[in-house]
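Colleague: In the order they appear, the protein sequences are chains L and X.
Residue 112 in this note's numbering sits at position 112 of the first sequence; the count goes up by one each step and never skips.
Residue 192 in this note's numbering sits at position 192 of the second sequence; the count goes up by one each step and never skips.
FYI, nobody ran anything at the bench for these hints, they're computed from the structure.
Each hint should be verified, as a subset may be incorrect.
[Said to hold, decoys possible] Derived lysine-lysine pairs resembling DSS-like cross-links, with alpha carbons at most 27 Å apart:
(1) L/110 x X/13
(2) X/335 x L/179
(3) X/215 x X/130
(4) L/173 x X/326
(5) X/33 x X/211
(6) L/73 x X/326
(7) X/474 x X/215
(8) L/173 x X/211
(9) X/326 x X/130
(10) L/173 x X/13
(11) L/110 x X/436
(12) L/110 x X/335
(13) X/374 x X/130
(14) L/110 x X/374
(15) L/179 x X/326
(16) X/316 x X/374
(17) X/326 x L/110
[As the list claims (entries may be wrong)] Listed next, with one range per pair, are the computed distances between beta-carbon atoms:
(18) L/85 x X/475: 49 to 57 Å
(19) L/173 x X/333: 24 to 32 Å
(20) L/95 x X/22: 12 to 20 Å
(21) L/94 x X/112: 39 to 47 Å
(22) L/49 x X/161: 16 to 24 Å
(23) X/162 x L/49: 23 to 31 Å
(24) L/192 x X/359: 30 to 38 Å
(25) L/93 x X/162: 53 to 61 Å
(26) L/92 x X/161: 27 to 35 Å
(27) X/161 x L/97: 19 to 27 Å
(28) X/428 x L/60: 30 to 38 Å
(29) L/192 x X/103: 51 to 59 Å
(30) X/475 x L/38: 54 to 62 Å
Idealized CB from N, CA, C, for every residue including glycine.
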Amino acid sequence: MFTNIKTANYVSTITLSLILGAVPLKSSAATGYGGPYNFGNPASAAEIASIDIDVMPDGRGLPPGSGDYKTGKKVYAANCMACHGADLGGVAGTGAAALIGGRDSLASGKPKKTVESYWPYASTVFDFVKRAMPFWAPGSLSDDEVYAVVAYVLGEANILDKGTTLNATSLPKIDMPNKDGFISDPRPDVFLYE
Amino acid sequence: MDSDILEKEYDEKTRSLIQGMVEAEEHAIAIRKKQAAPEEECECRDGMFPNGKTPPKASRRQFLASAASGAAALAVGSAASAAVPAGSIDYPVQDDPTKVQGRLTNDDGGYGSRSQFETEARWRFPTATKESSWTMTPLDSGSGIVTPSALHFERHHGGIPNIHPDKHELVVHGMVDGARKYTMEDLKRFPSVSRFHFIECSGNGLTEWRKPTLKTVQGTHGLTSTTEWTGVPLSTILREVGVQDGAAWILAEGSDAAVMTRSVPLDKAWDDAMLVYAQNGEAIRPEQGYPLRLLLPGFEGNTHIKWLRRLEISDKPFMTREETSKYTDLLDGGKARQFSFTMEAKSVITFPSGEMKLPGAGFYEISGLAWTGKGRIKRVEVSVDGGDSWQLAELQTPVLPICHTRFRFPWRWDGKPTVIQSRCQDETGYVQPTIKDLVGVRGLDGGKYGSIYHLNAIQSWAVDADGGVSNVHKY
Chain L
1 MFTNIKTANY VSTITLSLIL GAVPLKSSAA TGYGGPYNFG NPASAAEIAS
51 IDIDVMPDGR GLPPGSGDYK TGKKVYAANC MACHGADLGG VAGTGAAALI
101 GGRDSLASGK PKKTVESYWP YASTVFDFVK RAMPFWAPGS LSDDEVYAVV
151 AYVLGEANIL DKGTTLNATS LPKIDMPNKD GFISDPRPDV FLYE
Chain X
1 MDSDILEKEY DEKTRSLIQG MVEAEEHAIA IRKKQAAPEE ECECRDGMFP
51 NGKTPPKASR RQFLASAASG AAALAVGSAA SAAVPAGSID YPVQDDPTKV
101 QGRLTNDDGG YGSRSQFETE ARWRFPTATK ESSWTMTPLD SGSGIVTPSA
151 LHFERHHGGI PNIHPDKHEL VVHGMVDGAR KYTMEDLKRF PSVSRFHFIE
201 CSGNGLTEWR KPTLKTVQGT HGLTSTTEWT GVPLSTILRE VGVQDGAAWI
251 LAEGSDAAVM TRSVPLDKAW DDAMLVYAQN GEAIRPEQGY PLRLLLPGFE
301 GNTHIKWLRR LEISDKPFMT REETSKYTDL LDGGKARQFS FTMEAKSVIT
351 FPSGEMKLPG AGFYEISGLA WTGKGRIKRV EVSVDGGDSW QLAELQTPVL
401 PICHTRFRFP WRWDGKPTVI QSRCQDETGY VQPTIKDLVG VRGLDGGKYG
451 SIYHLNAIQS WAVDADGGVS NVHKY
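Could you build the full structure based on these sequences and the hints that come with them?
Modeller: Here it is, written out as structure tokens:
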């Protein structure tokens, strides 16, 4: 239990105690659970696969397919450039964020948060582009196109070699510059207790 | 004013964000003043009740026109006239309602509307798109603790989907003994619970870190709302599907255009999470996730996934965009806090508050809201002398956990300029801090930017000699 939840930056004594405390509840009537009720129906593997689009940092969830910088440049020009700009800096008035730049700026006093400078995992870029981009046609890119455009953005960010082909094996191996930039929430951080 | 804070600068994006909110609020104030303007001077004085307790001019004109044409009975069920506020119908006003019959029973189509003389409304932050945007609850006009469903604040990332409930399913899968899917009918068969809880966006107050920026409490605090939510405890569903050993996180996913996702610690899911389908006694509003929403009492609003279609149980967090690049708190030194879920204790005086005007010295009942993501509010103190002294406010009972709590404090204003404030303490003993306290431990988002999340500091309202109330910083 301890090793399994020690997976992220969110590890607190509250989490541990509540998870441990919750285990007995599974088999008790402490909260009035009167089941099993067996409402609903089994979800088939195919039904799950049709909506299970998330991708995790270790690569779980990455679909088959591949793409590279060269293809990605075309995908970007056709689907992303209008809002994110030819320089990947974001076009004013579109609401689109800058994607690159700002490396090593986070502690400078003038931080610039971008995919390049702030995002800790390449998996998040793939996951987000696949689920929610492009804004005006979300979910419209093929898996190959998503791999390609991720390769293009990370290539422009000088994170990924422009000759690399991204796929389910290579994408999780990418080290993002800010992968160690996050800490757990220590609050309460102001102590005015009586 | 603390000079250290003033010396820090917001980044360009945040500056433009704040400027946009200032303009949106100015626009809303202008509309409200126009609506509220009485035809003749009244003793209430312009601004004391800025939402207007006197008939809007437009409605009176409308009535006169209607009466002249003999069209006393208006078409029922038609879209709201532009002449009256959203959510109301332009009914004729009788000169003496004791001398003529009123309008027909149930002739409103069977679903009521508010009085055409009530004007409070949400206003929208002018983001680049109307799909990814948010609106603020008018706390200044609120009473009690419940937020009307139509006034609950909103935050959307891909517009408001219109979902047919018969076609909506929730799939629960991952580290479970048996993955299952549930229709809304299925979910409503489970034993249900109803609980009053607030939801607050962690960006509530984002404009206020560096200096007082917005004018009204709707602008400074309007991203919190309280609702009676009804639904199924998530723990019930977890028992039904059988959570496997080693599971520690749940991914919740919405079926909007953002396909919004957040990772939630499994302990929260076992503890008090709910799958809600009802809001204040009726189906939840489309803006709040119809037909199904995840409710995580006390957690930041973004985690309460709307239009919920999928729950995946896992051993690790999924590191979605919203929990990495957004909703993380960059600190001095360049590290950022992640998974800062809890909304800490906070309070604000809603009457009198910014842009109101007191007609003169005398008695006023100060009133406001206090809330905490960690349980019940234990006490609220009010200062009417800029923090030199504090006195206990009365709490409206029942005081519910993780819920807005209404406080009241009788005040006789001597007519001299002063600053009024409230501060609360929750049942853990935690006391609401000042902005200076918070900036002291967190810095401002990397040093010189304005951090925008998790501002729960004491709010100060200055009362001028002429009775005008305005937003100030007072530490």
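Colleague: If you check each hint against the structure, which ones fail?
Modeller: 8, 10, 13, 14, 18, 25
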